[in-house]
Structure formats: C-alpha cells, structure tokens
Amino acid sequence: MTDDSISTNLNALAAASRTPFEGTGPNNLIRQPRPSQTPIHHSTCDNFITNVLFPAWWAREQVLDYCTVVAQAPDLNDPEAAAREAYNRAGQAQVEGKNERLDPYSGRFFRKESRSEELAGLCGRERVVEDIVRERSWDVVRSRCGAALDEGFSGGGTERSWVGAFSEWKTMSRTGRGNELP
32 MTDDSISTNL NALAAASRTP FEGTGPNNLI RQPRPSQTPI HHSTCDNFIT NVLFPAWWAR
92 EQVLDYCTVV AQAPDLNDPE AAAREAYNRA GQAQVEGKNE RLDPYSGRFF RKESRSEELA
152 GLCGRERVVE DIVRERSWDV VRSRCGAALD EGFSGGGTER SWVGAFSEWK TMSRTGRGNE
212 LP
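Its first residue numbered 32, the sequence shown is counted upward by one per residue in my numbering.
By construction, these hints were calculated from the structure, which means they are not laboratory data.
Incorrect hints may appear among the rest.
Unchecked claim - Okay, the calculated beta carbon distance ranges per label pair:
(1) Glu111 - Asn82: 41 to 47 Å
(2) Asp109 - Thr81: 39 to 45 Å
(3) Leu153 - Ala90: 14 to 20 Å
(4) Pro86 - Asp170: 16 to 22 Å
(5) Ala90 - Asp170: 20 to 26 Å
(6) Gly122 - Thr81: 49 to 55 Å
(7) Ala43 - Glu148: 42 to 48 Å
(8) Ala87 - Asn119: 36 to 42 Å
(9) Arg167 - Glu111: 33 to 39 Å
(10) Asn108 - Arg158: 24 to 30 Å
(11) Thr206 - Asp109: 41 to 47 Å
Beta carbons: idealized from backbone N, C-alpha and C, even for Gly.
Work out the full structure: start from the sequences and follow the hints.
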C-alpha cells in the first residue's frame, strides 16, 4: 500500500466513524473537521494496521524474499552465459594492456551481469524502495492514529518505528496463530 491509498483508507475509516448528516438546510450544518484531520479511534486504527496494512507488507516481503532466493540460485539455463563470459574476458584483457596515464578512459570496462546478478540488484533496490514506502506510510498512519498507535503495540507511550511495530506484529502473529502468518 502506498501512502496515498493509506490516506484514502484512513479517511474512509474516519468518515465511517462520524454520525450521519441529519440537517435539512444550510443553517443546520455543523462544521465537521476534514477527514484528514479527524482522529481515528484506537480500535479502528489497530484493526486497520493488523488486518490491512501489516498483511500487505508481509505479502510484499514474502515476494521479495522469494525473488532473492531465486537470484541466489545458480542459473543453469542462462542462454547468454557463454557469450557474456567471452565478452567479460575480452574486455578484461583489453583493459590490462592499457596505460591509464596516457588515456584515462582506457581502463574503463563494464562487465555484463548475469540474469541472477541483475535480479539480485533489482531485489536490493526494491527493498530500499519498500523501506521508503513503509516509512512514509507509517508517518501517515501515525499522523492519523497518534497515541492510539503507540498504545496498540507494547502498551507503551513511546513513539514506535514501523520496523519495531511490524516485527512485533509478526511475532504476535506467529505465536497467536500457530506459527502461521497470513
């Protein structure tokens, strides 16, 4: 979930918790705070975090873990392995005989990566992006849930990072559901 969809979901939670409009005309309007400013009840926040947000994070984490395992496995069916190896050897040999003082760019050689290496690099970049998305999402949730967020995890009043709260949720999910996460 991105922080935009989290804001939308939290706004829907806040709107659902308000009383419906009962006025018949503009004079009966009671100014309600904007949904993005409306505090959300503790149980509603806790339910959203434990049943929507963290399971979505867990699913993406599982996908990245699987891709990382695939990237670390040897790729025996790589059709370009022989050509890539020949290219890398030729490029390395070309660099070894050059004097970089005469031509500083002559020592430059960019080896070709295998499909596994490319996938491993992609997985690493995706993990960095995932951390950024989680940090921003947690900031949005924290701004709407406030103290209720801290009370829901560890029962303390200290500000929790998403890493600590997510780790705690995974631990609670493992012990509470017979070692099975969603």
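Cross-check of the supplied hints:
Take Glu111 and Asn82: their Cβ atoms lie about 45 Å apart, and the range 41 to 47 Å holds. Checked against the hint of 39 to 45 Å, the pair Asp109 and Thr81 passes, with Cβ atoms roughly 42 Å apart. Between Leu153 and Ala90, the C-beta spacing of about 18 Å keeps the proposed range 14 to 20 Å intact. Between Pro86 and Asp170, the C-beta spacing of about 20 Å keeps the proposed range 16 to 22 Å intact.
Here the CB-CB span from Ala90 to Asp170 is close to 21 Å, well matched to the stated 20 to 26 Å. One distance hint, 49 to 55 Å for the beta-carbon pair Gly122 and Thr81, holds here, with the actual separation near 53 Å. The beta-carbon spacing between Ala43 and Glu148, approximately 43 Å, falls within the hinted interval of 42 to 48 Å. Our hint of 36 to 42 Å for Ala87 and Asn119 holds, since their Cβ atoms are close to 40 Å apart.
For Arg167 paired with Glu111, a C-beta distance near 38 Å keeps the hint of 33 to 39 Å intact. Roughly 26 Å separates the CB atoms of Asn108 and Arg158, a value that falls within the hinted 24 to 30 Å. Separated by about 42 Å at the C-beta atoms, Thr206 and Asp109 satisfy the suggested range of 41 to 47 Å.
Hint compliance for this structure: every hint is met.
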